[in-house]
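Chain residues, written in single-letter form:
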Amino acid sequence: EAGVVQSPRYKIIEKKQPVAFWCNPISGHNTLYWYLQNLGQGPELLIRYENEEAVDDSQLPKDRFSAERLKGVDSTLKIQPAELGDSAVYLCASSREPGHYGYTFGSGTRLTVV
Amino acid sequence: KQEVTQIPAALSVPEGENLVLNCSFTDSAIYNLQWFRQDPGKGLTSLLLIQSSQREQTSGRLNASLDKSSGRSTLYIAASQPGDSATYLCAVNAAGNKLTFGGGTRVLVKP
Chain H
1 EAGVVQSPRY
11 KIIEKKQPVA
21 FWCNPISGHN
31 TLYWYLQNLG
41 QGPELLIRYE
51 NEEAVDDSQL
61 PKDRFSAERL
71 KGVDSTLKIQ
81 PAELGDSAVY
91 LCASSREPGH
101 YGYTFGSGTR
111 LTVV
Chain Z
1 KQEVTQIPAA
11 LSVPEGENLV
21 LNCSFTDSAI
31 YNLQWFRQDP
41 GKGLTSLLLI
51 QSSQREQTSG
61 RLNASLDKSS
71 GRSTLYIAAS
81 QPGDSATYLC
91 AVNAAGNKLT
101 FGGGTRVLVK
111 P
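Protein chains in written order, with my numbering: chain H, 1 to 114; chain Z, 1 to 111.
Among the hints, erroneous ones may be present.
Capping the alpha-carbon separation at 30 Å, the derived lysine-lysine pairs in DSSO-like fashion look like this [claimed, not checked]:
{"id": "1", "chain 1": "Z", "residue 1": "LYS1", "chain 2": "H", "residue 2": "LYS62"}
{"id": "2", "chain 1": "H", "residue 1": "LYS15", "chain 2": "H", "residue 2": "LYS62"}
{"id": "3", "chain 1": "H", "residue 1": "LYS11", "chain 2": "H", "residue 2": "LYS71"}
{"id": "4", "chain 1": "Z", "residue 1": "LYS42", "chain 2": "Z", "residue 2": "LYS1"}
{"id": "5", "chain 1": "Z", "residue 1": "LYS42", "chain 2": "H", "residue 2": "LYS62"}
{"id": "6", "chain 1": "Z", "residue 1": "LYS1", "chain 2": "Z", "residue 2": "LYS110"}
{"id": "7", "chain 1": "Z", "residue 1": "LYS68", "chain 2": "Z", "residue 2": "LYS98"}
{"id": "8", "chain 1": "Z", "residue 1": "LYS68", "chain 2": "H", "residue 2": "LYS15"}
{"id": "9", "chain 1": "Z", "residue 1": "LYS42", "chain 2": "H", "residue 2": "LYS78"}
{"id": "10", "chain 1": "Z", "residue 1": "LYS1", "chain 2": "H", "residue 2": "LYS78"}
{"id": "11", "chain 1": "H", "residue 1": "LYS11", "chain 2": "H", "residue 2": "LYS62"}
{"id": "12", "chain 1": "H", "residue 1": "LYS78", "chain 2": "H", "residue 2": "LYS15"}
{"id": "13", "chain 1": "H", "residue 1": "LYS71", "chain 2": "Z", "residue 2": "LYS68"}
{"id": "14", "chain 1": "Z", "residue 1": "LYS1", "chain 2": "H", "residue 2": "LYS11"}
{"id": "15", "chain 1": "Z", "residue 1": "LYS98", "chain 2": "H", "residue 2": "LYS62"}
{"id": "16", "chain 1": "Z", "residue 1": "LYS110", "chain 2": "Z", "residue 2": "LYS68"}
{"id": "17", "chain 1": "Z", "residue 1": "LYS98", "chain 2": "H", "residue 2": "LYS78"}
{"id": "18", "chain 1": "H", "residue 1": "LYS11", "chain 2": "Z", "residue 2": "LYS98"}
{"id": "19", "chain 1": "Z", "residue 1": "LYS1", "chain 2": "Z", "residue 2": "LYS68"}
{"id": "20", "chain 1": "Z", "residue 1": "LYS42", "chain 2": "Z", "residue 2": "LYS110"}
{"id": "21", "chain 1": "H", "residue 1": "LYS16", "chain 2": "Z", "residue 2": "LYS110"}
{"id": "22", "chain 1": "H", "residue 1": "LYS71", "chain 2": "Z", "residue 2": "LYS110"}
{"id": "23", "chain 1": "H", "residue 1": "LYS78", "chain 2": "H", "residue 2": "LYS16"}
The set of hints was computed from the structure by calculation and includes no laboratory data. What you are looking at is a predicted structure, and each value in this text was computed from that prediction instead of being measured.
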């Protein structure tokens, strides 16, 4: 099966500009996650979707971050406006049933804000 | 709140030596625990998934143990090779299907 696909792989933007990341999960995986990974640290959850519903967005900085998962398949994470501190790797993961099958991660998008 | 700790943060061994990576978590009410490998600039690759009812999982040279009651898991890599150099992350799946990660152990295997 195809893995979790993320694009772009790399993005460099100036501060205050908007940016968007895209994720296509594995077919049949109803649960989708966005994680943020700072250099040298483990990933931290931003938002979790069950189908098209955001069931946990408590860690998402809603003043500048937004996400959507229309039709319960692929998802987009947006930052507007970007700040220097947003430079990190943004990871997407999906699962068919996390309690039994674990998670599959994409390759991530490395964002650099200058 | 679940907290996951990995010790050591970095490890350097000569080729052929066995690797022992430790992971501890504070809340034992977990569904499962997953070990990942991350190469520089890459995403996460799943290595082993241990369900809460299991004591260990094995895949090739990799063996992971789980002691849920004490909140510990250990990843063993036998006969290390330079290609094993990477960061290894432990993640715990608990209530609400929330995956919580440790900070990772950065491994360097010297030829």
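Going down the list of hints, with the structure as the test:
1. LYS1/Z to LYS62/H: Roughly 22 Å separates the two Cα atoms, so the pair holds.
2. LYS15/H to LYS62/H: At roughly 18 Å apart (the allowed maximum being 30 Å), LYS62/H and LYS15/H satisfy the hint.
3. LYS11/H to LYS71/H: Distance ~26 Å between LYS11/H and LYS71/H Cα, so the pair holds.
4. LYS42/Z to LYS1/Z: Holds. LYS42/Z to LYS1/Z sits at ~28 Å (cutoff 30 Å).
5. LYS42/Z to LYS62/H: 27 Å, holds
6. LYS1/Z to LYS110/Z: Violated. LYS1/Z to LYS110/Z sits at ~38 Å, over the 30 Å cutoff.
7. LYS68/Z to LYS98/Z: OK: LYS68/Z and LYS98/Z at ~17 Å, within 30 Å.
8. LYS68/Z to LYS15/H: Between LYS68/Z and LYS15/H the Cα gap is close to 45 Å, so the pair fails against 30 Å, i.e. violated.
9. LYS42/Z to LYS78/H: 21 Å, holds
10. LYS1/Z to LYS78/H: Distance of about 27 Å is within 30 Å: holds.
11. LYS11/H to LYS62/H: 21 Å, holds
12. LYS78/H to LYS15/H: 14 Å, holds
13. LYS71/H to LYS68/Z: Roughly 38 Å separates the two Cα atoms, so the pair is violated.
14. LYS1/Z to LYS11/H: 33 Å, violated
15. LYS98/Z to LYS62/H: 19 Å, holds
16. LYS110/Z to LYS68/Z: 33 Å, violated
17. LYS98/Z to LYS78/H: 22 Å, holds
18. LYS11/H to LYS98/Z: Cα-Cα ~28 Å, so holds.
19. LYS1/Z to LYS68/Z: 16 Å, holds
20. LYS42/Z to LYS110/Z: Roughly 21 Å separates the two Cα atoms, so the pair holds.
21. LYS16/H to LYS110/Z: With a Cα-Cα distance of about 43 Å, the restraint between LYS16/H and LYS110/Z is violated, given a limit of 30 Å.
22. LYS71/H to LYS110/Z: Measuring from Cα to Cα gives roughly 48 Å; hence the hint is violated.
23. LYS78/H to LYS16/H: 13 Å, holds
Checked against the numbered hints above, the structure violates hints 6, 8, 13, 14, 16, 21 and 22; every other hint is satisfied.
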